[in-house]
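Colleague: For this one, chain A is given, so just place chain B on it according to the hints.
There are 2 protein chains.
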Amino acid sequence: MTKKIAFDSNNFTLSSGKSIFPLEIAYETFGKLNKERTNAILICHALTGEQYVSDINPITKKPGWWDILVGKNKPIDTSKYFIICPNVIGGCMGSTGPTSINPKTKQPYGLAFPVITIHDMVKSQVLLIDHLEIDKLLSVIGGSMGGMQVLEWMSSFPKRIKSAIPIATAANHSSQNIAFHEVGRQAIMADPNWHDGKYFEYKIVPEKGLSVARMAAHITYLSEMALQNKFGRNLQDRSIKTFSFDADFQVESYLRYQGINFVKRFDANTYLYLTRAMDYFDLISENGGVLANAFNDLKASICVISFSGDWLFPTSESKKIVHALNAKGVDVSFIDIESNKGHDAFLMDEPDMFLTINGFLQAQFDK
Amino acid sequence: MTKKIAFDSNNFTLSSGKSIFPLEIAYETFGKLNKERTNAILICHALTGEQYVSDINPITKKPGWWDILVGKNKPIDTSKYFIICPNVIGGCMGSTGPTSINPKTKQPYGLAFPVITIHDMVKSQVLLIDHLEIDKLLSVIGGSMGGMQVLEWMSSFPKRIKSAIPIATAANHSSQNIAFHEVGRQAIMADPNWHDGKYFEYKIVPEKGLSVARMAAHITYLSEMALQNKFGRNLQDRSIKTFSFDADFQVESYLRYQGINFVKRFDANTYLYLTRAMDYFDLISENGGVLANAFNDLKASICVISFSGDWLFPTSESKKIVHALNAKGVDVSFIDIESNKGHDAFLMDEPDMFLTINGFLQAQFDK
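Protein chains in written order, with the numbering used here: chain A, 1 to 367; chain B, 1001 to 1367.
The shape of chain A in the complex, shown without the other chains:
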């Protein structure tokens, strides 16, 4: 069950200089914290994820987004570890974000919500860890935007982690990645139902814009080969082309389905805020152009994981991180997993990833 913790401090200052009050964090936990408080693992979710990492997601009634990885006797074993998975701030699943009520207006924030950064997300997670009276996390783990949060932990709060596993991520967003996000944002803003972010006043949502944003993004989550193997040029429930604009091809039908389903579970303004946070993330420029300087105080053990078929966060981005860590003498291992599934491989059944995470965590716990 999702717990919610409200922090009544009014000085949670954001990177932008603005502050949020009240600040709430919604989170799930799995397993039990041991007496020594040394078995806690923080899992950071990706752009469209949430706190429902394991068990059944109560909203979709489907297994959590990493249920294949996290659970009893699974690679991240909840009978051994205490798992904490918070919804990021700026999110739409209980933590304070653009759908939360703005105390000044008694309406949802919408675009009055301040722009947040990956640093802000992680800083709020530190409050949660403090609240749970955990001095040092056994590990912090996440893929994609979750991986950015892991890198931010490594850089900004290195003393609070014993180890970290950044997966399929990058120290900053490439020009192409910013470009794809901008297409998604423009698609949402182009929808007249968006109403400058105030769609809640009209009791509608910019479904079509958000759906197009999701469709464009979804292509980037899969490899060209994954799409070709899965759909190729197969037709959808028909043997001949219709010479129309129906979804003749399976891949069209699949994408439309992805778009339609996404709008049922995700908020359009939240999509703007979280993509912006990813675009702004930049551990390189923030450290004078030298990524290694992000890790000056890092003593934790790091395991970097990438996937060969990931073109959104390609292996080369993980290698940059590994180089920087090596330059600071950090204890780092690196595995690039052969896979043709694309970026979403980190969410899928990837035995090499499972073995790596399982073995790495055990070694950290035994240390």
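Hints in this document: simulated from the structure, not taken from any laboratory. Be careful, since some hints might not be right.
[Unchecked claim] The calculated DSS-like cross-link candidates involving lysine-lysine, where the alpha carbons are at most 25 Å apart (straight line), are:
#1 B:Lys-1320 <-> A:Lys-230
#2 A:Lys-4 <-> A:Lys-62
#3 A:Lys-72 <-> A:Lys-61
#4 B:Lys-1319 <-> A:Lys-198
#5 B:Lys-1123 <-> A:Lys-320
#6 B:Lys-1319 <-> A:Lys-230
#7 A:Lys-320 <-> B:Lys-1230
Modeller: Then chain B, alone, in the frame of chain A:
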């Protein structure tokens, strides 16, 4: 100056079984047809191109889309060759398409226009060549969708061409390419100003939807490296991030500009029809799964050109074409040009492409 030819035959049957009447083709010519009528080159334009291949485009007042390649003393030398460049049927620059007047309703066709194929485009070009009393083209040249037309000439009208140069193209569209096109179509159709294709009745255009479609497509025309080199994470006219949804990054500003400018010169329904034609194109499945069988009667000399940095029509697609041509003993040369510019390299200053086309055409002319 664009010439227009109307074909009063009422039996121009399309691949769909439907027919168009009247059928008009708008085209430009450059240079002079020689007495022997052996120096004619047909240039086929890409998705968003038109007949203005050389000189100044009278609409944009900018140089034609291949003006660097086509003109007096240029690689395709108009003092030597007679260049014909028609607007494809289904297009919006004078040839019959969805913006043309439907004789039944006296209104623009809109979605009442029949879905057309690459084969239909080429079949109409044969009428034009017949009209110009050209028995055999010295060459037919085109990139991307233009390259698909070239392949269709090679397959369906092999006796009418002495040579052909398909550039940065494929024998069919990959699942990923269909997916990107579908995103563009859905973006257009999501715009309430689209009005099921009848926006002309409301004297508006679905600008925002078409702009988003263009933005998404534009990313696929450039390589990841081209975007990184051109824009990286540079900010646009500012030194710090604004913590807003403004176009902070140059790449965002550039994409928005691409979108806004595109809607000034292109029709939204036409975008639907031409992307559909590309998606439907499939010389492999139409030939029993064996591409080589598309070229059974081909005696022309072929020069296939691809670019190493093109991820929309990657080199592997050109290699499939070359393999198929070799399997039929066709006289084929192949050049994969090292370039980090992406798919749009075929429209840019690529000296290796210029030298190749120039030399190949001269050899064909001298034969």
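Colleague: Would you mind marking each hint as holding or not holding in the structure?
Modeller: To see whether the hints hold, each was checked on the structure:
no.: 1; hint: B:Lys-1320 <-> A:Lys-230; result: holds, 20 Å
no.: 2; hint: A:Lys-4 <-> A:Lys-62; result: holds, 22 Å
no.: 3; hint: A:Lys-72 <-> A:Lys-61; result: holds, 19 Å
no.: 4; hint: B:Lys-1319 <-> A:Lys-198; result: violated, 51 Å
no.: 5; hint: B:Lys-1123 <-> A:Lys-320; result: violated, 52 Å
no.: 6; hint: B:Lys-1319 <-> A:Lys-230; result: holds, 23 Å
no.: 7; hint: A:Lys-320 <-> B:Lys-1230; result: holds, 21 Å
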